[in-house]
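There are 2 protein chains.
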Amino acid sequence: MTVSKAATINAAKASRPARKEPADAAAESTALQLGELSEHLGYALKRAQLKIFEDFLRCVAPLQLTPAQFSVLMLLDKNPGRNQTEIANTLGILRPNFVAMLDGLESRDLCARIRSTNDRRSHILMLTDKGRAVLARAKKLVAAKHEARLNELLGPANRAALLAMLATIAKEF
Amino acid sequence: MTVSKAATINAAKASRPARKEPADAAAESTALQLGELSEHLGYALKRAQLKIFEDFLRCVAPLQLTPAQFSVLMLLDKNPGRNQTEIANTLGILRPNFVAMLDGLESRDLCARIRSTNDRRSHILMLTDKGRAVLARAKKLVAAKHEARLNELLGPANRAALLAMLATIAKEF
Numbered sequence: 001m002t003v004s005k006a007a008t009i010n011a012a013k014a015s016r017p018a019r020k021e022p023a024d025a026a027a028e029s030t031a032l033q034l035g036e037l038s039e040h041l042g043y044a045l046k047r048a049q050l051k052i053f054e055d056f057l058r059c060v061a062p063l064q065l066t067p068a069q070f071s072v073l074m075l076l077d078k079n080p081g082r083n084q085t086e087i088a089n090t091l092g093i094l095r096p097n098f099v100a101m102l103d104g105l106e107s108r109d110l111c112a113r114i115r116s117t118n119d120r121r122s123h124i125l126m127l128t129d130k131g132r133a134v135l136a137r138a139k140k141l142v143a144a145k146h147e148a149r150l151n152e153l154l155g156p157a158n159r160a161a162l163l164a165m166l167a168t169i170a171k172e173f
Numbered sequence: 001m002t003v004s005k006a007a008t009i010n011a012a013k014a015s016r017p018a019r020k021e022p023a024d025a026a027a028e029s030t031a032l033q034l035g036e037l038s039e040h041l042g043y044a045l046k047r048a049q050l051k052i053f054e055d056f057l058r059c060v061a062p063l064q065l066t067p068a069q070f071s072v073l074m075l076l077d078k079n080p081g082r083n084q085t086e087i088a089n090t091l092g093i094l095r096p097n098f099v100a101m102l103d104g105l106e107s108r109d110l111c112a113r114i115r116s117t118n119d120r121r122s123h124i125l126m127l128t129d130k131g132r133a134v135l136a137r138a139k140k141l142v143a144a145k146h147e148a149r150l151n152e153l154l155g156p157a158n159r160a161a162l163l164a165m166l167a168t169i170a171k172e173f
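Residue numbers (the working numbering), protein chains in the order written: chain A, 1 to 173; chain B, 1 to 173.
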């Protein structure tokens, strides 16, 4: 899929000089005008985020993990023994959505909910051995396919600058 | 709301030098470690996008418009007489979601669906006079509150660089 997509991009790039041919001109005249919308950061962020999520899903397709599920596994791995509320709040996931996501991960034996001995109302979350193994494979796929291609597209310096600006928005806006 | 949020940010900034006091150290020890997650562009994009959408909703609260509804009104204004499929495809909105959104906008008399005279199966979309007036007010609120604050946070040059990188991802990734 990556190959055919790259081929499409290259074909599109190669055809650029020929854009003024009648067929291309007709295609352009039917394209919609985004106008000021393309200057809105929220719109640009959402479009880029959708593209990145689509590519992420393709890259980890053998493991059937969504970006949100991947984030949960990463966080559980780094913070074993934390409770549901802490994980959900850290990721900014609403409680009902988070409970549904945990049901899915637990049914696939990727994580386990254990009743806290300190607070019987609270559930501690842990990765299972299978969860750790799936996460390790996912991290390799994401690094080798997804993040590597992003790095190639933007260049390392731009990628770092982009990451820093996004972190500033998330923290301070 | 903007003022109180800015005050919170300033308070947080002012307290930074005091971070090593016992109370702050305790708060830090309970914070979860994001680890490598913070290096993932998809994660950073999603967090920034959620923050920007929250602020957008606050800024246009008097008009009760979501970012997606705002995008649709902007696009209809710039491209009158286009059909449902063209608008939905341009914005990358799935058809069932788009139909539900149009139902909402039409019930509020912000846009109208008119059966195409060329193709009776297709619906042409138009802004109503009320839709145009609401869009004009929304654009003013977004420019004066939302985009102006983003500009202030990032600086105009960084904001332009961010927008360009997001457009590259949306187009070429």
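Keep in mind the hints are simulated off the structure, nothing from the lab.
Please note that the accuracy of each hint is not assured.
Copies of one chain are not kept apart here, so a pair can be met inside one copy or by any two copies together.
[Unchecked claim] With a cut-off of at most 25 angstroms between alpha-carbon atoms, the simulated BS3-like pairs for lysine-lysine come out as follows:
hint : residue 1 : residue 2
1    : K51       : K130
2    : K145      : K171
3    : K171      : K51
4    : K130      : K171
Hints versus structure:
1. K51 to K130: Answer is neither: 29 angstroms inside a copy and 34 angstroms across each miss the 25 angstroms cutoff.
2. K145 to K171: between (28 angstroms within a copy, 18 angstroms between copies)
3. K171 to K51: both (23 angstroms within a copy, 9 angstroms between copies)
4. K130 to K171: neither (34 angstroms within a copy, 37 angstroms between copies)
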